[in-house]
Amino acid sequence: MTQAADPLVLDFVEWIAREPRAYAEVIATWKTSCPRLTIWEDAADRGLVARETLPGMGLIIAVTEHGESFLRANGR
Numbered sequence: 680m681t682q683a684a685d686p687l688v689l690d691f692v693e694w695i696a697r698e699p700r701a702y703a704e705v706i707a708t709w710k711t712s713c714p715r716l717t718i719w720e721d722a723a724d725r726g727l728v729a730r731e732t733l734p735g736m737g738l739i740i741a742v743t744e745h746g747e748s749f750l751r752a753n754g755r
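Heads up: the sequence shown begins at 680 in the working numbering, then just goes up one per residue.
Mixed in with the good hints, there may be bad ones.
Capping the alpha-carbon separation at 20 angstroms, the derived lysine to aspartate or glutamate pairs in DMTMM-like fashion look like this [to be verified]:
(1) Lys-710 to Glu-698
(2) Lys-710 to Asp-721
(3) Lys-710 to Asp-685
(4) Lys-710 to Asp-724
(5) Lys-710 to Glu-720
(6) Lys-710 to Asp-690
(7) Lys-710 to Glu-693
Simulated DEER-style distance windows between Cβ atoms [unchecked claim]:
(8) Thr-711 to Gly-735: 24 to 32 angstroms
(9) Tyr-702 to Ser-748: 19 to 27 angstroms
(10) Gly-754 to Pro-734: 33 to 41 angstroms
(11) Asp-685 to Pro-734: 32 to 40 angstroms
(12) Glu-698 to Arg-751: 12 to 20 angstroms
(13) Arg-755 to Thr-708: 16 to 24 angstroms
(14) Pro-699 to Arg-751: 12 to 20 angstroms
(15) Glu-720 to Arg-697: 13 to 21 angstroms
(16) Tyr-702 to Arg-755: 17 to 25 angstroms
(17) Asp-685 to Gly-737: 27 to 35 angstroms
(18) Asp-685 to Gly-735: 31 to 39 angstroms
The set of hints was computed from the structure by calculation and includes no laboratory data. Every residue gets a Cβ at the ideal spot worked out from N, C-alpha and C, and that includes glycine.
Based on the sequences and whatever the hints tell you, model everything.
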């Protein structure tokens, strides 16, 4: 991931941190036609967010402990 993508990764992780998001919502909101701009995949690869299955909600994306630390370290 390039350094230029870090602000977008921060924005994404902060958005997820507000509340766990349904997988479908994440895909719809953060989709891109640029294969080189994969913000949510980059966040997942870095261990900042993770897929989980919650009863009644199905597949969601939530911030990990590492993601919470990442936000704190970057003043968010």
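Right, here's what the structure says about each hint:
| no. | hint | result |
| --- | --- | --- |
| 1 | Lys-710 to Glu-698 | holds (19 angstroms) |
| 2 | Lys-710 to Asp-721 | holds (13 angstroms) |
| 3 | Lys-710 to Asp-685 | holds (17 angstroms) |
| 4 | Lys-710 to Asp-724 | holds (16 angstroms) |
| 5 | Lys-710 to Glu-720 | holds (10 angstroms) |
| 6 | Lys-710 to Asp-690 | holds (14 angstroms) |
| 7 | Lys-710 to Glu-693 | holds (17 angstroms) |
| 8 | Thr-711 to Gly-735: 24 to 32 angstroms | holds (30 angstroms) |
| 9 | Tyr-702 to Ser-748: 19 to 27 angstroms | holds (23 angstroms) |
| 10 | Gly-754 to Pro-734: 33 to 41 angstroms | holds (35 angstroms) |
| 11 | Asp-685 to Pro-734: 32 to 40 angstroms | holds (34 angstroms) |
| 12 | Glu-698 to Arg-751: 12 to 20 angstroms | holds (18 angstroms) |
| 13 | Arg-755 to Thr-708: 16 to 24 angstroms | holds (18 angstroms) |
| 14 | Pro-699 to Arg-751: 12 to 20 angstroms | holds (19 angstroms) |
| 15 | Glu-720 to Arg-697: 13 to 21 angstroms | holds (20 angstroms) |
| 16 | Tyr-702 to Arg-755: 17 to 25 angstroms | holds (23 angstroms) |
| 17 | Asp-685 to Gly-737: 27 to 35 angstroms | holds (30 angstroms) |
| 18 | Asp-685 to Gly-735: 31 to 39 angstroms | holds (34 angstroms) |
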